[in-house]
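**Q** Residue numbers (this note's numbering), protein chains in the order written: chain Z, 1 to 366; chain U, 1001 to 1167.
The hints are simulated quantities; they were obtained by calculation from the structure and are not laboratory data.
Have a look at the derived ranges for each label pair, beta carbon to beta carbon:
1) Lys25/Z <-> Tyr1137/U: 38 to 44 Å
2) Pro339/Z <-> Arg1006/U: 32 to 38 Å
3) Ala1135/U <-> His15/Z: 25 to 31 Å
4) Ala1049/U <-> Gly166/Z: 17 to 23 Å
5) Glu1094/U <-> Lys289/Z: 30 to 36 Å
6) Ala1049/U <-> Ile50/Z: 30 to 36 Å
7) Asp1105/U <-> Gly212/Z: 53 to 59 Å
From the three backbone atoms N, C-alpha and C, an ideal C-beta is built for every residue, glycine too.
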Amino acid sequence: MFKNEEMEINLGPQHPSTHGVLRVKLRLDGETITHCRPMIGYLHRGVEKICENQSFFQGQVWTDRMDYCSAVANNLGWAEANEKLFGITVPRRAQYIRTMLNEFNRLASHLIWLATHALDIGAMTVFLYAFREREDILDMNEAFCGSRLTTTAFRIGGLREDLPPGFEKMVQKFLAKFETCLEEYENLLSENRIWKKRTVGVAKLSAEDAIGLGVTGPVLRAAGVPYDIRKAFPYAAYAEMDFEVPTRTEADTYARYLVRMAEMRQSARIIQQCMDGMPEGPVMAKLPKILKAEVNEVYHATEAPKGEIGYYLVGEKGSGNPYRFHVRAPGFINLQALPKMAEGALIADIVAAIGTLDIVLGEIDR
Amino acid sequence: MNKLLRTLIPFDIAKGLSITGKHFAKVFFSANRRKVPFHITSEYPEVPAKVQPRYRGRLTLLKDEQGEIKCVCCLACEKICPTQVITIEKGKKEGRKMPFPVRYDFEMERCIFCEFCVESCGFDSIILNHQFELAAYNREDFSIGMEGLAQNMYEPTPVGKFSVAED
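Just chain U, with the same shape it has in the complex (with noise of 0.2 Å):
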């Protein structure tokens, strides 16, 4: 009797669909009355995405106080990295003991962002920053060197340089 009454009327279709109805609700309900929304999504190429503060961006250079590249060329970065995408010449530069790096390119398109290069740097002169739009259109974009390239190695990509939010 219980097992006909319960294939005669739904209750299990019911029981979701007040789960998804108390969603709803919850939601239209609340929409522009609370400073905190119920929202689950974001509207992200308006809203910027926050990333938290470990993030593994793309590598980036660092410069000390006087405006010098911190890296020595001890070529950590290079050995220890599994795609290979670092690539330094040692050249030296007057007024500096330390050798300095005339070429450093970085070959973002077969990067992993695995962070191993930072870990291996006994001398604190790369990091990841926290940029996750790097799409490009040309392949050339994705080769990074120190000057004269379309993007170098210390400044950031431009944000929406490549994203369609810019339009």
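Bound-form chain Z, shown alone (with noise of 0.2 Å):
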């Protein structure tokens, strides 16, 4: 008597949850997502062919725009892929700085994350207080290097300058109010009913599944998967920092949740740990003025708030452009686990699914 029908719908690419425009196609029967595909490429700009007719020196403002929320963390991979190309030893104060304003940009990024992620969800006021703490973290940015969001913070062979005068103060008034912040973050969210109702057991990817679709960053450390390149390849001053990888074994979007949220504790360790331990001395390595690459190439993989992010590089002889240049952007390679974690589940739980991939369009589509 009743017709039984799938539907075909868009989510997107104009809607508020999805972060950016991503159009995702859905199949329902009912509420229920039968087939689900992102479609991607409404940001292309061709970031990569870009660059490659660009000097090495200035294609460092482009990785600003590929992931806005974490421009400092993809300034970090390019310069230093840049240096691994040409052999530059980078002085060890920058190697800190540069430690220090990358977990600052980690923190900024797990802010904005947990801000629009709980918004989505249904939780308001979350958003506000997370959008308070990441002020003063662009203000550092802006004291720092002189813009908030496309920071163009570091240069191949080490930093443009030296840390401003107040910059410590900033650092530690910041540190010292942080973890309460976080604790007021916890208590409005980690035991409220509706939350745990919205997360608990939604949007699972096992292990196995993350490691075979090329998933990083806290979506496989929430799998039970301890891979952390800050451990596992130390770059910068990682080598010497003191600090642990959080994992769960849930593998579900509160787990989600919970790791990343230790992993904003451990990043004001790092911190910490660097305000205290800075070395003296300069922070710029002497350089030619005209950098010129031989035949060479280089992948270069650093920890980036949404997973690994990778530079590939190859030099041409007498060339100051790269010949290729690419990048193995997080958010591109998590977003294949979508349809994974949507096929089966209910409509609403496709915005949790988008929301804890933590995925920023300007990277995937590049």
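Assembling the complex is the task here: the two chains are given apart, and the hints tell you how they should meet.
**A** This is how it looks when you write it as structure tokens:
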């Protein structure tokens, strides 16, 4: 008597909970998702090709604009990949400052993730509180490099300038209150029954699936795989830092929330260690005026807040531009897991699945 | 039993409300009573926003003590610019040994404020000033040259010219 038919709908590209211009093609059976395909490319600018036509020095400004929530982490990967290509050793003080700013950026990125993820699920208060703390980090970005979001923080071979006067005071002021702020978010969310109903057991991704799909970052660590490039292949000054890699085994949205909250605590610890053990000395290595590459190729991976960001650079003999430039963007690879998470779930859960992957479309489409 | 009690009585919601209530009370009862209020936000167009000393704003040409343009047309800024927004035309001026820029065009609509031009300048003849209210209604207002244009490179944009605060 009743006709049974599947319905196809689009989520996005202008939907506020898709965190940018992501379109998800859904096929629904009632309220259950039977088929889910993310459609990307609305924000494509051709960053990789543009960088091939620009010098090694200029390329950094494009890395800011890939994942605009974690620009400093992108800058760090770019600078280190170039240093690997040219065989430059960075002074120790510059390494420490880089590590500290990178961890601040991880805090900023996780705070914006927490804010928007909670807002999607329905917790408005956390959004406002998390943005309040993020503002302090952006102010520190501005004090160090003059810009809040598109930082262009590092240079090949070190830093442009040393820390500004009064920076240490800003850091200590932030660290003194940050622990209380984290407790505030946890009091608002961790035990909240609405939050738990929307996250526990939602958008599961097992460790086998995560590894098979190449997923990295907190999503992988929430499945119980303790893989963190800061520990596995230390770069910058991470080898000298004492920190833990938080993992969970539940592999659901709630576990990813707990992993990221624990990561923020570890980041604050690393920042404190950087401030305590900050060595004196220069911040820039001696470089030739124009960087000319040899025939050489490098791949350098660093741990961005979203996962492994890798830069693949090929040098051409006597040329000031990279011959080939490729980015392994964490958001792009992590988005592959969305069909696995969403198929078979309810349509309301796809909002949680997109939020928990922590995607930024500027990086996925490049 | 404990679980049933927790389901019946909304402890978690009370916990959340106590946090928001605490913040509300802190701001509400301290209004007009403290010199430094607990407010997080600021009333921006009325109260001018503060920027850090290293803030990267609009490109500005500098003059030396005699009122001469410091720029000597080495074209370093033009070459390093990632978006090619600077165009310089070399020229000569009487009584000046160094080359003199006849034209120094800056197209702000494509500028990404990376400060590479200032970094590359060996004569300290350009800076990025502390302006951030750079919006305009016409496209021509973004083409900034030396003279005879709506805006020029020596003077900062008049504050509030294009902002709503003026009305």
